[in-house]
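Residue numbers (the numbering used here), protein chains in the order written: chain X, 132 to 489; chain A, 12 to 521; chain R, 1271 to 1606.
Treat the hints as calculated values from the structure; they're not laboratory data. Ideal Cβ positions, reconstructed from N, Cα and C, are used throughout, including at glycine. Watch out, some of these pointers could steer you wrong.
Stated by the list, open to error - Sample of chain R residues facing chain X (criterion: CB under 7 Å; computed from the structure):
(1) Leu1285
(2) Leu1389
(3) Ile1396
(4) Phe1399
(5) Val1400
(6) Gly1404
(7) Cys1453
(8) Gly1520
(9) Phe1523
(10) Leu1536
(11) Tyr1569
(12) Leu1573
(13) Phe1580
(14) Val1583
(15) Ser1587
Below, each chain spelled out in residue letters.
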Amino acid sequence: MDSLDRQRARGVAWRLIRHGLLSENFVLYLSIVSFAALYLFMPYIASGRNLANISSNMWPLLALVLGQMFVLILGGIDLSQTSIMALTSVVGGMLMTTQLNPTLFEKSPLWGILLSPEGSPISGTALAVPVGIVAMLTVGMLVGLLNGLAVAKFRMPAFMVTLVSMMFFSGLAIYLTKSENIMYLPGGFMMLGSGEIGPIPYSFFVVFALGVVAHIVLKHTVLGRWFFAVGKSIRTSVVSGVPTERVIILGYVFSGFCAAVASVLYSGRLGGGRPTLGQSLLLDVIGAAVIGGISLFGGKGKVLWALFGVLFFVLLSNALSMLALPFYAEPVVKGAVILVAALLDVARTRLMAREVLA
Amino acid sequence: MPELLLQFEGISKSFFGVHALQDIAFVLPKGHLLGLIGENGAGKSTLMNILGGVLQPDRGGMRLRGQDYSPRNPAEATEAGVAFIHQELNLFTNLSIADNLFIDRLPRFGKSPFINKRAARTRTRQLLESLNLALAPDTLVDRLTPGERQLVEIAKALSTGAEIIIFDEPTTSLTAGETERLFAIIQDLRRQGKSMVYISHNLGNVLELVDEIVVLRDGRVVDQGPRDDFTIDTMISRMVGRDISQIFPSRQSVPADETLLEVRGLSQPGIVKDIDLTLHKTEVLGLFGLMGSGRTELARILFGLEPFERGQIVIDGVVCDGVSVRDSIRRGMAFVTENRREEGLLMEATIVDNVGLVALPTFASAPPARLLRARGLRLAVTRVAECMRIKSGPVHRTLAKNLSGGNQQKVVIGKWLMSRPTIFIMDEPTRGIDVGAKYEVYSIINDLAARGAGILLISSELEELVGMCDRIVVMSKGEVQGAFERDEFDRERILQAAFKGHQAHQRGGQ
Amino acid sequence: MEAAVGMQKSRGKTLVIVLRHTPLILFALIFLIFGVLSPRFLSYQSFENIVKQASYIGIVAVGMTFVLLTASIDLSVGSNMYLSAVVAGLLIKHYGLPVPLAPVVCLAVGLLFGLVNALAVTKLRIIPFVATLGTLWIGRGLGLWLTKSVPVEFPEGVTQIGAQRLFGIVPLPVVVFLLIVCCAAVLLRGTAFGRQLYAVGNDIEAAKKAGINTAQVRGMAFVICGVLAGLGGFISVAQLGIINAGFGEGREFDAIAAAVLGGTSLFGGIGSVFPGTLLGAVLIQMVTIGLVSAQVDLYLQPLVQAGIIFLAVLLDSIRTRQLVRLSRRHIRIEEA
């Protein structure tokens, strides 16, 4: 019977939709579907240049989200990631720059001590770039260490600790440079952020490695299980012998490290040490994490989710700029998207509960 | 014939195809106290939730004073005069007693939104006085003991003019004195003509208090009748459906001479004082005391969760410096806490993640990488779950929060078993689990002892300790007040020791 | 043991009192320190300046306190301030809105904004962090759209309002701030709604069982927060006279910091507007102005500020833990 066929078709379609919705890869499917839909209207979206554009935006953001994910899994939050980016950008810039304009920088507290019109003591040498990068990563981890200590040892709420960190370290970055950008960074450094091998940018390899490490740690090591345990119940973890303080500190250190990595990539791409680097990115990072499905309550998270969340987020920004919408459309759409994502999450949780009990 | 107040007629309820209640029918006469007993999962909570308006039945109904009674929400139940005092108290610790009592109907000045605090205080004082509670109405609930909080809950029930009051496991957090007071109030309420339903695993208390007993098993009423028709043994066998000639499995081992744990002069000001304790191999040592005697605090100190100022803890002949949970675990200690939901389990994690939590490093490669052998872990956990008869779905998918109380407790014990401890501290391991699961836990304890472990069993149920232990140490007010060998077990003397420091109190058994 | 326990008890009690009043003590301490560092700081002018500049964020912080009490958060207050001010400003410029109606418009927009948050959280069941993150973005976008990113100038009439003084002495912003604090304090302590806010923040399930309409209570908190954010926006505009595209950005963190410094817990159920949030808001401003008076390097000021807030939060954490430990310390004595 015709209507029976139609009913059956509807049943199949509904089951497909439900399966897709409930799937863990939901955001991936959503990204693919959106991309396909946009392609119909704007074939340019699949052009080499645009894909390269999308790609180069994705990797630094993914680095940040990977770090934030560890902290979110612990049930905390790291609001200081962007100020870590700014501070490390400045530190690296100061060490690696080959030319500093005295009128701009002579008021900096480090003028005369570390800085001169030729840059730092090591600028121009072969050491400059490696030392600069190592310094950036170290500073990132140190700030993470401070955050972690405050949260783990002093039991201060993560929101407030990292908020204060954000204020302090971005203030520090501005103080050290008197708000000036540091330019004339060596080409070798800039390559990392903007160079590529064939179609694939260097930043991809860096972040891919980071992602692989994160995935292995979370899924295949004892430490990974400890992260989830602390996020699910810190009290039970303490009684069960989990070294909770160490785990929490490591989470924040990793978050700081990832922020420093992102800083290396962004600074390389933008070509300067900027004390205001990444200022507007913070909420993007959390938004991408939430869209990807990482819970703000802790105990849940996967590297793939971070990837999907960032993918969707960057696709969205890309689509918006392609559609030549005015710039103020972007925040509106971002806000709408995150609300819809949250709604879908609520719907999915309800659907899943029903499936389990059925 | 006493007036029939409440009638259940053919109540049935299913959740997603699973029958929770089938054809429940009994009556609650006015002014009577009815005991509702049954194992966990028998349907007691579901039935009371229907009575209290939290759930609606699929079939059947209730009659209150001869009229149809079907509350669609708790507010309607309250209005009809039914008050449900839950096991987890629903008080707001950051508000005063007065605020708590009247939070949804605070007295106001006329039609204005402003609270008439004096009126609230007066009404609160009256209610508290009727319950013999000498507390100021403005006291923050934060500062009250669990016993006082329970009585405030009762005051709340009375303030709504309840005629039917349901008590769900009211004595689990009460001291003996507070339990006495509760029972006196219950008798008082009965004299005032209130009708009550009393749910409890403490069958002795139930027998002492009630007029009638209704036994639920697997969602059906399997027995009901006047209290005198029942004894503890018959209650248990009706609840479980088979004859349990023994509540406690027989002990197969005798304590060895070898000492596993020795405590000398342990003190922490304000908490415990001069504790001396010895635990031997293959021994089950009981630690008895009333609530607040310092037993749990002592256990936490021994395990390294809390510090101590003076004294020594000696494990296997080695004095322990420093207080650390990880050190204790390394030396072979295990600690099953009394609050499995907060400190024993990861509620949102699978059985594998829970059971494997302590022994994780043993299923991994060397540090620093510590790569997990996931399959090995899963197999080991499956074996432990089978061995302990944990009934659930697949262990790597079932979440702890979806397990029954008994199974949850087994998960916690299983977690510690995997670390192969020699010193096992268990604090109220059978609290809140049904009779069948209790027996299984006792068997596990016996087994552990027989294999050479030493078990420190902390419990406020004297029967349990008498049935399981080789020795019982009694604590009161932070100090050891007495120790009894198995052949000297005498309930009267043990209880006397537990009450030492308070007014002498004669209460036969539990 | 009895005597020792007794002594412990009285020592414990003093500690408890100190710990319970940490915000007040911290406030006094900082006041004294800056007073010593720079006598100029102790002048009336300086003090008036502090409270005046603290007013607009203080008003927003009072609103935030309501939301925090219910164990929620509102990240959108900055965008709310911006949007409210933008709508008022544009109405004045292009539609001839009379200046006295400007605050009304701000309140109305703030209320609508708060209502959207309330619905998102209670009806759509989106968690507050995500919901207000979304409205933060949407609100900012809407504001940018309306202004095309061009700064909005307000006529003199508006700044005149900001410069008004009650009885010729007390600046209007301060009057409004104090008035709001009073009303909020009365609301929280003396009405059923206020008590229910605390109840919902303490235990939402118990609140539902007690018959409280938790959706309504939580929703109202967001609406109040929205209204006060709009008002705060107006008060700020009345002092600045002009707003650009970045107006209000980041103010949500200032408001949260003020509330938390004043003793409000991020976990709900604990906090007050008087003295709590009032002290918190003034404290932050006091540090800012104190640093200027002490002639600290402009670039170092944010660092010192962050340091002080860190100290305050640290003390608060210690306080909470100590209070818990002290109350647990003594074995509950068995009753006869």
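Results for each hint:
1. About 18 Å separates the beta-carbon of R:Leu1285 from the nearest beta-carbon of chain X, more than 7 Å, and the hint is not met.
2. Given the 7 Å rule on beta carbons, the hint for R:Leu1389 is violated: about 11 Å separates it from the nearest Cβ of chain X.
3. Evaluation of the R:Ile1396 hint against chain X yields a held restraint, the C-beta minimum of about 4 Å falling below 7 Å.
4. Nearest Cβ of chain X to the Cβ of R:Phe1399: about 6 Å, under the 7 Å cut. The hint holds.
5. For R:Val1400, the interface hint holds, since its Cβ comes within 7 Å of a Cβ in chain X; the closest pair sits about 5 Å apart.
6. Interface hint status for R:Gly1404: upheld, as the beta-carbon distance to the closest one in chain X is roughly 4 Å, under 7 Å.
7. A least Cβ separation of about 27 Å between R:Cys1453 and chain X goes past the 7 Å threshold, and the interface hint is therefore violated.
8. Taking 7 Å as the C-beta cut-off, the interface hint given for R:Gly1520 is violated, the closest approach to chain X being about 9 Å.
9. Below 7 Å, beta-carbon pairs count as interface contacts, and R:Phe1523 has one with chain X at about 6 Å; its hint therefore holds.
10. Given hint, R:Leu1536 at the interface with chain X, holds; its Cβ is 5 Å from that chain's nearest Cβ, closer than 7 Å.
11. Given the 7 Å rule on beta carbons, the hint for R:Tyr1569 holds: about 4 Å separates it from the nearest Cβ of chain X.
12. Using the Cβ-Cβ criterion of 7 Å, the hint placing R:Leu1573 at the interface with chain X is satisfied: the shortest such distance is roughly 5 Å.
13. For R:Phe1580, the shortest C-beta to C-beta distance to chain X is roughly 4 Å, which falls under 7 Å, so the interface hint holds.
14. Using the Cβ-Cβ criterion of 7 Å, the hint placing R:Val1583 at the interface with chain X is satisfied: the shortest such distance is roughly 5 Å.
15. Checking R:Ser1587 against chain X by beta carbon gives a least distance of about 5 Å; that is within 7 Å, so the hint holds.
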